[in-house]
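Engineer: Taken in order, these protein sequences are the chains called A and B.
Following the numbering used here, the numbering of the first sequence begins with 1 at its first residue and continues without gaps.
Following the numbering used here, the numbering of the second sequence begins with 1001 at its first residue and continues without gaps.
If you're looking for bench data, these hints aren't it; they were derived computationally from the structure.
Note that the coordinates shown come from a computational prediction; the quantities given were computed from them, not determined experimentally.
Heads up, a few of these hints could be off.
Capping the alpha-carbon separation at 20 Å, the derived lysine to aspartate or glutamate pairs in EDC-like fashion look like this [as the list claims (entries may be wrong)]:
#: 1; chain 1: A; residue 1: K81; chain 2: A; residue 2: E14
#: 2; chain 1: A; residue 1: K81; chain 2: B; residue 2: D1010
#: 3; chain 1: A; residue 1: K71; chain 2: B; residue 2: D1010
#: 4; chain 1: A; residue 1: K78; chain 2: A; residue 2: E30
#: 5; chain 1: B; residue 1: K1079; chain 2: A; residue 2: E131
#: 6; chain 1: B; residue 1: K1079; chain 2: A; residue 2: E6
Chain by chain, the residues:
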Amino acid sequence: MARAREVPGFDCGEEFAAAAARIVRVRAGEVFEHAEGVLDVEEIEHLHDMRVATRRLRAALEICAPCFPPKRHRKALKRVKRLADALGERRDRDVEIAFLCEFAAEAPAEDREALAARIEVLRAEQRQANEALAPRLKRKRLRKLRRRLEKLAKAAER
Amino acid sequence: MKARQVEGLDPAAPLRANAVRIVATRLAELRDLAEPALEPGAAQAQHDLRIAAKRLRYVLELTESCFGPEAAVARRLAKQLQGVLGDLHDCDVMLPSAAEIPSLETLLRTRRELLFKQFTELWREQAEATWLALERALAA
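Isolated chain A (complex conformation) (with noise of 0.2 Å):
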């Protein structure tokens, strides 16, 4: 899992408002970064680094949250949640996928069948978790998330 990047020019004195500016901007470039790979199934770190990016940026638009126009938070915080929860979907299978194929392969024989059919019943709610977050991976999705999130990060340095 990532770390959490430094925010450039951290200033413990700095107007409060000046510095959400800052820390939205990164947490946001951390999410963007994240972007790719992220519906690759045989790699699903690329999905957990994102999601956590995620919810770092998500954590710091409620922590900032008095220094943004309320309407403009409200509604990049609610598109950043939808992305958070899309992203969660899809882990919520990863985790277990991975967790039941090593344990079948140590698992006794009469149970073999039984992990096997959860686990593709699994591969089908991945299938689908994917299907629902693709279009919000979409560059131009994206890019328009980016660009409402500078403007929030404008705002809060007005």
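Once you have looked at the hints, place chain B on chain A.
Structural biologist: Relative to chain A, chain B alone:
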């Protein structure tokens, strides 16, 4: 679980003054949720505590440089709690579908017991001193 409202935040005031209020609120939330979570079967309370640990961790990731090394220690403990409670929650999520796979159900129940023990040890051995040190750092 909805996060507790942080009172008295001021966008024009220095970051540190606001961070004190945010961290103190998140810490109080975490401590208030701990007691019910220390009951072995309290899956929902343990899940809520994990969310509270995550919230404290993320605010400390952002602001710990305002509070010194005690805040980094608290952030690491919050991360550990989030991790062990997250693994425990994974067991709770998987258990219903394991009812017809006896070996899997046994594994998940054993794993859950072990994770619960890790959680209670972590809390009883480290939490109080860590949170008190963080409170002192906030007040400094």
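Engineer: Taking the hints in turn, state whether each one holds.
Structural biologist: Okay, the hints, checked on the actual structure:
1. Distance hint between A/K81 and A/E14 is unfulfilled; the C-alpha atoms sit about 28 Å from each other, more than 20 Å.
2. With a C-alpha separation of about 25 Å, the suggested pairing of A/K81 with B/D1010 is violated against the 20 Å cut-off.
3. The suggested pairing of A/K71 with B/D1010 holds, with an alpha-carbon distance near 18 Å, which does not exceed 20 Å.
4. Between A/K78 and A/E30 the alpha-carbon distance is near 18 Å, which keeps this suggested pair within the 20 Å criterion.
5. For a cut-off of 20 Å, the pair hint linking B/K1079 to A/E131 is broken: about 31 Å separates their Cα positions.
6. As the CA atoms of B/K1079 and A/E6 are separated by approximately 17 Å, the hinted pair is consistent with the 20 Å bound.
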